[in-house]
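Engineer: Take a look at the letters that make up each chain.
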Amino acid sequence: MMVLLIVLPLIFAFLAAIKKSFSYPLLVTSTVVNVIIVLLLKTSVPSVHVLGGWKPPFGINLVLDDASYYAVLIANIVFFLVALFKETVGKYSTVLMVMLAAVNGFVLTGDLFNSFVFLEILTATGVILASKRENYYNAFKYLVLGSLAGSMYLLATIFTYTQVGSLNMAHASYFAISEKAIVVITILYLVGLGVEAKLFPLNGWVSGVYGGNDLSPLVMATAVSFAALYMMGRLFLTVFGGYALHILYVLALITIVAGELAALYQKNLLKTLAYSSIAQAGIVLAAISKSTEKMVSLAYFHLTNDVIAKFVLFLVATFLVYNYKNLNGVFKKHKVLGTAFTISSMSLIGFPLFAGFQSKLRMLMEMFKTSDYLFPAVLLFATVIELTYLVRWNVKLWFEDIEDESEVKGPALRATISIILAILLVGIFLAPNIILNPTTKVAKALLDSTSYINNVIASSMGGM
Amino acid sequence: MMNYLIILAGAMMIIAAVFAVEAKKILDAVIAMSVVSLVSVFLFIAMRAPDVAITEASVGAGLVTAVFLVSLFKMKGGDEQ
Amino acid sequence: MVFWISAILIGIGVYGLLTQKNLFKQLISLSIIDTAVNIFIIAVGYVDNGKAPIYSKAVPKFMEGAFVDPLPQALVLTAIVIGVGVLALGASLLVKVKEKHSSIDVENMKGVGE
Amino acid sequence: MRRFYAILIAAALVYMLISFISTVPSYGKADLKERVSDAFLSKSVNAQNAKAWLEGKAIHRQPAKEIYGKKVKEEGSANVVTSIVVNYRSFDTLGEVTVLFTAALGVSLILGGSRRKQYGREANFVLKTSTGILVPLIIMFGAYIFVHGHLTPGGGFPGGTIIAMASLLLYLSDEKFFLSKASTGALEGSMGGTYVIIGLLGLAIGGYFLYNFLPNGVVGNLVSAGIVPLVYVAIGLKVGAELSGLVTDLHSEKEG
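Sequence lines, in order, name chains H, G, X and S. Count the first sequence with this note's numbering and you get residues 1046 to 1509, in order. Count the second sequence with this note's numbering and you get residues -10 to 70, in order. Count the third sequence with this note's numbering and you get residues 201 to 314, in order. Count the fourth sequence with this note's numbering and you get residues 975 to 1230, in order.
It is worth saying that the hints were derived from the structure and are not from the lab. Any given hint might turn out to be false.
Unchecked claim - Which residues of chain S face chain G? A few of them, derived with a C-beta cut under 7 Å, are:
no., residue
1, Tyr979
2, Pro1127
3, Pro1132
4, Thr1135
As the list claims (entries may be wrong) - Once the Cα atoms are required to be at most 30 Å apart in a straight line, the calculated BS3-like pairs of lysine-lysine come out as:
no., chain 1, residue 1, chain 2, residue 2
5, S, Lys1228, G, Lys14
6, G, Lys13, G, Lys65
7, X, Lys251, S, Lys1047
8, S, Lys1007, X, Lys261
9, H, Lys1380, H, Lys1339
10, H, Lys1087, H, Lys1486
11, X, Lys251, S, Lys1044
12, X, Lys251, S, Lys1039
13, G, Lys65, S, Lys1228
14, X, Lys257, S, Lys1102
15, H, Lys1454, H, Lys1378
16, G, Lys14, X, Lys300
17, S, Lys1025, H, Lys1489
18, X, Lys310, X, Lys300
19, H, Lys1312, X, Lys300
20, H, Lys1370, H, Lys1312
21, H, Lys1131, X, Lys300
22, G, Lys14, X, Lys221
23, S, Lys1228, X, Lys300
24, H, Lys1378, H, Lys1312
25, X, Lys221, X, Lys310
26, H, Lys1136, H, Lys1064
27, H, Lys1454, H, Lys1380
28, H, Lys1312, X, Lys310
29, X, Lys300, H, Lys1065
30, H, Lys1136, S, Lys1091
We treat Cβ as the ideally placed atom computed from N, Cα and C, and that holds for glycine.
Looking at chain H on its own, in the form it has when it is part of the complex (with noise of 0.2 Å):
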């Protein structure tokens, strides 16, 4: 059942490739159905699917449990409110389509080779995305580095092989693999995924990617960017438990740091959100590498309402920056729009009321139990930062004098979407079990790979 997820969109792409007109009605079939089997999966968790039936760790398998549960129904969800704006996709549906089967196998995926082709896969597609709007540099900037990413994960992903005799994960995860050998795996699993997961020195392409047009952050900086923390998580918490955990953690504060530090001095608003959005990555990396429970939990709680808000934002912002000459007051006239707007960057920063708040001060919380003060500290940073820099934006855009004194016709689905997932991230404030209990499902997959092998296992002794 959950091979379907992957496998429908690739036929809808290729079906889409014989007819080119029909590829926009594919997309929004392909998307509904998608989220449609997720809901129904929800009763088969945790099973695995051995792939022609060459059982683990020969053949390859898909692995649903909980936390690849939560990664593909975010995902999927994303995708779907995406294919929702015909005006935006273009011409794009066929590659959102490969996009979405990417994005699928890479989060299902139980075989480390398998997750290369799929990176790829995502890398190619992103390429596409980017480069649309005539964005080809900021996009050929992207190519070469996720090529680059792509080779060191291939070099990895056979560097285990060596060690271990296959390629399954779980079969990885339960092998003791040498020290030596491991240290370098690891550096370059986390090279591999750092482009992705926007891993400071990694993350040149995102401003240029994000910022450069109106499709693009959109799934980057949701769906996608959830599947690589995902992974990030995966890897080095199920796979290799424990092994490079501190390299992660003084990258990824780097990473929130320069992130604040660039989107303050940034001058364009798609490029801001770009840049807070890595820092934000940065925040739930820090997070994954601290390897509790509790804090792992609190990262993928962080993630969503990251990503619920990064969705509005971008919404928003791609709608004004590419339909305004001057964004100046230009609230004024979408008053909806602004209200989503607001709401989310007041969640981003992490005032009371939105759902910012709540895995901000759960984190700090849980940080000062074990006393440890850096990474508070720099949260800490990264909030005032924030508040500046989202403050101004919001001042801009609400109060300053109208410049460009054209009007745009009131946008019905973005205004209604991006009101309603407003609405959401105060209701996960008010509420925050809705999002805290399948997320602490996911930090108890994420950390416990004896069930991971165990199931593993259990589905090649045959049954399926």
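Assemble chains G, X and S onto chain H, guided by the hints.
Structural biologist: What follows is chains G, X and S alone, placed relative to chain H:
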């Protein structure tokens, strides 16, 4: 005997790779790159991988070089320094 | 020995990627890294006096150590094709970069700044 | 300064790789008994105890046995690399096909023209005549390579590329030659669809996606190995159409 041939091939590849990276003209660099690919075909055969050798020869060396040359031609030589 | 060759080639490729200001050269460096990684993978599976993993009239029997490792070869087949796809995408992007910025040298490109 | 840092980073990477090499069995001494490959070679995956394998307790020793010309229940390709690429790890290959599909799609979205670009140069007589003779031969050779993919070295990807080379040759020799986007797109899409449908049939019949539901036959025969030749033919045609489309895009320009 085989070992010496492999060392020779390796030396050729390294020289060609350095040339490809440092060459002034892009056309030279593309040709040096395809030399690296072609010599690697020999290494694949020496390591008993005929499938890979055929694929690398047709896809890696042939198609990539062709695509690079055609796109180079399209940009009229790319910026030669 | 083959390991060393591929390690050095990867080093050259990364060096080229970091120093070259011409975007086409960066693409060429990527291609060199790809090739080097592929050589490394195949070398991992080589067995002295092993045969190519294809059954035929001459080698009809399975025996331990008679064949080289087929799995890395299968992986490299995939990796080569993926590499080609990405490189072709990059080349076509460069054609457009040249059209838009009238150069593919980072220092001479027009209209790129923030 | 930039060069200095570049050398430093490259040297650090090479040092890391070389330090890793000491943990790998030295060149030519790889021990397949410690890897999954032995089961692929002896075509005995189903006979393995996967639990013991995952826990690292299995004895991986495989008995010597005759394979060529015999009926093997599990997997029927004579070429073990093919059996891994299209059977044991077929899902990777589906991904690989998708990467190529994406690349061709991307090139056509980025460059996409509807008209043949004219360079205003006439190809010489030798090229023109020899193209006429060579193109059918090249296409036949490509087809041979992917039809025999499960018996001899080669397979769908090189076979398809060789076919695409024929169209490249046509583009070089003839200024007017232009493949229509609709035809390559249709072939590409339908062949990709065929691959997925074969996989879905496996899911319906055997319960696993890409399950081999056809009889394996005798190792070494042309008609053997179940779905493997079918998949390779689909891949070969798809790759051929895809790369021809890519070459077409490189030789096209926008109207006006």
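Engineer: Evaluate each hint against the coordinates.
Structural biologist: Against the structure, the hints:
no., hint, verdict
1, Tyr979, "violated (16 Å)"
2, Pro1127, "holds (4 Å)"
3, Pro1132, "holds (4 Å)"
4, Thr1135, "holds (5 Å)"
5, S:Lys1228 <-> G:Lys14, "holds (29 Å)"
6, G:Lys13 <-> G:Lys65, "holds (16 Å)"
7, X:Lys251 <-> S:Lys1047, "holds (24 Å)"
8, S:Lys1007 <-> X:Lys261, "holds (17 Å)"
9, H:Lys1380 <-> H:Lys1339, "violated (39 Å)"
10, H:Lys1087 <-> H:Lys1486, "holds (13 Å)"
11, X:Lys251 <-> S:Lys1044, "holds (20 Å)"
12, X:Lys251 <-> S:Lys1039, "holds (16 Å)"
13, G:Lys65 <-> S:Lys1228, "holds (17 Å)"
14, X:Lys257 <-> S:Lys1102, "violated (42 Å)"
15, H:Lys1454 <-> H:Lys1378, "holds (9 Å)"
16, G:Lys14 <-> X:Lys300, "holds (22 Å)"
17, S:Lys1025 <-> H:Lys1489, "holds (23 Å)"
18, X:Lys310 <-> X:Lys300, "holds (8 Å)"
19, H:Lys1312 <-> X:Lys300, "holds (24 Å)"
20, H:Lys1370 <-> H:Lys1312, "holds (14 Å)"
21, H:Lys1131 <-> X:Lys300, "holds (27 Å)"
22, G:Lys14 <-> X:Lys221, "holds (13 Å)"
23, S:Lys1228 <-> X:Lys300, "holds (15 Å)"
24, H:Lys1378 <-> H:Lys1312, "holds (22 Å)"
25, X:Lys221 <-> X:Lys310, "holds (14 Å)"
26, H:Lys1136 <-> H:Lys1064, "holds (13 Å)"
27, H:Lys1454 <-> H:Lys1380, "holds (12 Å)"
28, H:Lys1312 <-> X:Lys310, "holds (20 Å)"
29, X:Lys300 <-> H:Lys1065, "holds (27 Å)"
30, H:Lys1136 <-> S:Lys1091, "holds (23 Å)"
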